[in-house]
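Protein chains: 2
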Amino acid sequence: MIDVCLLGTGGMLPLPKRYLTSLLVRVEGQAVLIDCGEATQVSLHMTNFSPVDIGHILFTHYHGDHCSGLPGLLMTMANSGRTDPVHLWGVPGLEKMVKGLTVICEYLPFQLVFHEISAKEKTSFQAIGLDWTSCPVKHRVPCLAYSAYLPRGGRFDPARAKALDIPLPYWSRLQGGEVIEAEGRVYRPENVLGPERRGLRLSYATDCRPSAALVETVRDSDLLIAEGLYGDPAKQADAKSKGHMVYKEAAKLAKDAGVKELWLTHFSPAMMNPKEFLPETRAIFPETHAGFDRKTTTLRFSEDA
Amino acid sequence: MIDVCLLGTGGMLPLPKRYLTSLLVRVEGQAVLIDCGEATQVSLHMTNFSPVDIGHILFTHYHGDHCSGLPGLLMTMANSGRTDPVHLWGVPGLEKMVKGLTVICEYLPFQLVFHEISAKEKTSFQAIGLDWTSCPVKHRVPCLAYSAYLPRGGRFDPARAKALDIPLPYWSRLQGGEVIEAEGRVYRPENVLGPERRGLRLSYATDCRPSAALVETVRDSDLLIAEGLYGDPAKQADAKSKGHMVYKEAAKLAKDAGVKELWLTHFSPAMMNPKEFLPETRAIFPETHAGFDRKTTTLRFSEDA
Numbered sequence: 001m002i003d004v005c006l007l008g009t010g011g012m013l014p015l016p017k018r019y020l021t022s023l024l025v026r027v028e029g030q031a032v033l034i035d036c037g038e039a040t041q042v043s044l045h046m047t048n049f050s051p052v053d054i055g056h057i058l059f060t061h062y063h064g065d066h067c068s069g070l071p072g073l074l075m076t077m078a079n080s081g082r083t084d085p086v087h088l089w090g091v092p093g094l095e096k097m098v099k100g101l102t103v104i105c106e107y108l109p110f111q112l113v114f115h116e117i118s119a120k121e122k123t124s125f126q127a128i129g130l131d132w133t134s135c136p137v138k139h140r141v142p143c144l145a146y147s148a149y150l151p152r153g154g155r156f157d158p159a160r161a162k163a164l165d166i167p168l169p170y171w172s173r174l175q176g177g178e179v180i181e182a183e184g185r186v187y188r189p190e191n192v193l194g195p196e197r198r199g200l201r202l203s204y205a206t207d208c209r210p211s212a213a214l215v216e217t218v219r220d221s222d223l224l225i226a227e228g229l230y231g232d233p234a235k236q237a238d239a240k241s242k243g244h245m246v247y248k249e250a251a252k253l254a255k256d257a258g259v260k261e262l263w264l265t266h267f268s269p270a271m272m273n274p275k276e277f278l279p280e281t282r283a284i285f286p287e288t289h290a291g292f293d294r295k296t297t298t299l300r301f302s303e304d305a
Numbered sequence: 306m307i308d309v310c311l312l313g314t315g316g317m318l319p320l321p322k323r324y325l326t327s328l329l330v331r332v333e334g335q336a337v338l339i340d341c342g343e344a345t346q347v348s349l350h351m352t353n354f355s356p357v358d359i360g361h362i363l364f365t366h367y368h369g370d371h372c373s374g375l376p377g378l379l380m381t382m383a384n385s386g387r388t389d390p391v392h393l394w395g396v397p398g399l400e401k402m403v404k405g406l407t408v409i410c411e412y413l414p415f416q417l418v419f420h421e422i423s424a425k426e427k428t429s430f431q432a433i434g435l436d437w438t439s440c441p442v443k444h445r446v447p448c449l450a451y452s453a454y455l456p457r458g459g460r461f462d463p464a465r466a467k468a469l470d471i472p473l474p475y476w477s478r479l480q481g482g483e484v485i486e487a488e489g490r491v492y493r494p495e496n497v498l499g500p501e502r503r504g505l506r507l508s509y510a511t512d513c514r515p516s517a518a519l520v521e522t523v524r525d526s527d528l529l530i531a532e533g534l535y536g537d538p539a540k541q542a543d544a545k546s547k548g549h550m551v552y553k554e555a556a557k558l559a560k561d562a563g564v565k566e567l568w569l570t571h572f573s574p575a576m577m578n579p580k581e582f583l584p585e586t587r588a589i590f591p592e593t594h595a596g597f598d599r600k601t602t603t604l605r606f607s608e609d610a
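The listed protein sequences derive, respectively, from chains A and B.
So for the first sequence, the numbering used here puts the first residue at 1; every next one is plus one.
So for the second sequence, the numbering used here puts the first residue at 306; every next one is plus one.
No lab work stands behind these hints: they were computed from the structure.
Careful: at least some of the hints might be erroneous.
[Claimed, not checked] Just some of the chain B residues that point at chain A, by a computed CB distance under 8 Å:
| hint | residue |
| --- | --- |
| 1 | 331 |
| 2 | 332 |
| 3 | 344 |
| 4 | 347 |
| 5 | 351 |
| 6 | 352 |
| 7 | 354 |
| 8 | 355 |
| 9 | 367 |
| 10 | 373 |
| 11 | 486 |
| 12 | 487 |
Backbone N, C-alpha and C fix where the C-beta goes; we use that ideal spot for every residue, glycine too.
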């Protein structure tokens, strides 16, 4: 399962009740943070997630509202006792940005590991047990969307295990994919597991225009978190010129990609009530929800799969 | 008069209800900000002060909790329409710190003017009509306390003005210190004003140990805002080793300097209730108050002076 917490939902500047857009993703106690604007750590403090567990920080791009909270968060992670390395991911320019911001970090007791990802083509990498894909998107500066996939092994077949005379203590280890050698025999997972089942997909796309590549990247997501800088469809020209989406464009993206659920985020500070434009947005994609700070869910494998 | 707003009162890390220590000082619509940790702009947003009016930002030192909010604030000032220069003040290293942090500021429509102040001796400068003094203080890194003085001219003597046959329309201009030439005569303020009266003094000392130089700098302040990282006197050894003060030390500083009122700030995140240790602190200096985010006052010339 994947824990998801939308730490902030604001664009441009942090507001008292709407901090800057940032997403925490946790799998079995290890966490990835996507974007880290000013006050992200304040929102994190209000959750039951610990800053110590953050092993990876992914950036969509380097506009201030997506990275200004980095030095403060790193210092708080240091004060919280983290000593394991922290991996940083983003388009080229990452190291320059981080080294600029951390000029005020007197000492960090962990290594910063830089992973500069292509701003031109999709890239795959692994973090916290998830298979990540970055997808270059159209914004005013190089920018990435991210999609994470948690694979799911095949269903365990107890009848087959019995027929093969496999001792009971090995069943769960085989189910976990382990090859076991014991008592002169070799037990292999593929002998007792069915075909790989559908896993879980979580996608995050902010500060971007829709594109065919983005649709493919987020296809079949269980949850897509996407920006809706403006709710008002009249703002579409503005959104286009600034490299952003209005609600309806995010909804069409969700529909085209066949996702299960859409959370909107990165709201303009001028938009007082992000729910105002939901009805017409749901006419395009019914499972659209307005994000809010610390909106949280757990994505689980379906029982019947 | 001087408007004073303690935007935050936390040390080390911003908490949901206690942002990092920062002070806004405003005189006739122009503002100075002292220190700018992460989320300072969020607290500012909750006040009736505008980010556009901030013409000067003073730093005590460059530990992250005193400057991590700078890039976000500058971007918000830019988005709010400021185009006038912004003056930055602090010990040597200022420009390096600011240039590091502003790596994420794509474009600022105003000039940043750097004023590096001695970390070894007192310095005087002017900003927003106040006479400022910086005083090097003992901390783990070079650090400054600041004291601001608003001078007050002499009392206008109407009987003397009448006796000198000065036309009524010139009275207020003379009171304001203007020399007026009119109808072949010269009218001088010193002819109708008494001796200069006591002005107003506001002082700010955080992240420091007490010292004789600091006592002299903040002497006779109408309001001293000083750090009390710890309330518990048992923490004094900790405070000393880290270059901080416990409440009682701040109270003794206030008493020794003969200030009128003391506000404590820069509380340890571990201290849940900053008011807990006030009774024993007031035994040393009765006019001690625990700061809280957006504690606000206006210092006014006394009516009877």
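(request) Could you tell me which of the numbered hints above are not met by this structure, giving the numbers in increasing order? (result) Violated: hints 1, 2, 6, 7, 8, 11, 12.
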